[in-house]
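With the hints as constraints, model all of the structure from the sequences given.
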Amino acid sequence: MAAGSVLHMVIVGAEDVPLFEADLSSKSTDAGAREERPQYLYHFVLHAALDAVEEQEWHSNAMHLGVVDRFNNLQVSAFTTAAHVRFLLLHDGRSDDLVKSFFRDVYELYLRVMLNPFHTATTKIATPLFHQKVRQLARNYFR
Amino acid sequence: MFQSRGSAGIVDKPFRQGRQEISLSSFAYLFSELVQYCQSRVSNISELERKLDEVGFGVGLRLLEVLCYRERGQRRETRLLDMLKFIHSTLWRYLFGRQARDLEQSNSAEDEYMISDTDLFVTKYVSVPREMGHLNPAAFVAGVVRGALDGAGFPARVTAHYVPVAGQPRPKTVILMKFSASVMQREQRMPGG
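For the protein sequence lines, the chains are V and G, in the order given. My numbering applies: residue 1 is where the first sequence begins, and numbers increase by one. My numbering applies: residue 144 is where the second sequence begins, and numbers increase by one.
Take these hints with a grain of salt, some might be off.
Output of the computed footprint for chain G on chain V, the stretches with three or more beta carbons under 8 Å from beta carbons of chain G [what the hints assert, rightly or not]:
#, stretch
1, 41-50
2, 60-70
3, 111-117
Keep in mind that the hints were calculated from the coordinates and are not lab data. Since the structure is predicted, the reported quantities are computational estimates derived from the model, not experimental observations. The beta carbon of each residue, even a glycine, is placed where N, CA and C say it ideally should be.
This is the structure in structure tokens:
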């Protein structure tokens, strides 16, 4: 558990609309600590990483893009689906294999949600079960 | 929210292949109701085609994701030709059980491609009255193709046309795809293009 406690995930849909956002770090249950952590910095870094993702996603056929951007000690890993929905994970040095498996599992969850015919390319994912499962996956892989 | 066994919700549904075939009559019935529904809400032919196209768009988007997950081993397409091959084989096989007859590039324009096929069962039980002229209910299929292309980052104008074939009683259906300029520019910039 030497790696730090930064773990922020965002799912970005078409036209760069965020569909889902979660703070998955181990300290997220501590109510007081949330205010202190630089939430806006994470949003900024993730948003800026979108450009890097867009560049890289046309160079490879794979869905997992690895680490696409860095900021100080933070890294952004990305995963693009066939319909160009991006999963971004802001972390500080987790193993790439773990991130890859994590993305794969979130991808399967996401597929089930997006098959809903009432879901458009810009509908936010609001199912509480989805949030719950993603947190559970993060706990399994990163703790 | 109706929740039966424990906390089964949308994310718990099984995602296996399942039975891929349904009866033609049930599909034809559903499709005819769909066309009638659209017809009651539009005032001319092109709007009717557009509504069918919109319905197909949502289907195409979802099929793109699902087929890439199931059949393509989670690899995506970044090149135009690969994407066309995906539509011509994988998508067509999922929808119609076989590959499309032809995939060709138009002689007159660089950015136009055509997929042609005969006897799409989608239009099997549809008869177009004379006053509707050149309406093609395969606009639904064109919408599916457009959804898949658009989702993968290859926006295009996709339309369905009937083209008479010499020596055959029924015309073949041609899905014409005209890609936008940004797609062609990106294709040229990419290595090996």
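Evaluation of the provided hints:
{"no.": "1", "hint": "41-50", "in the structure": "violated (count 0)"}
{"no.": "2", "hint": "60-70", "in the structure": "holds (count 4)"}
{"no.": "3", "hint": "111-117", "in the structure": "holds (count 7)"}
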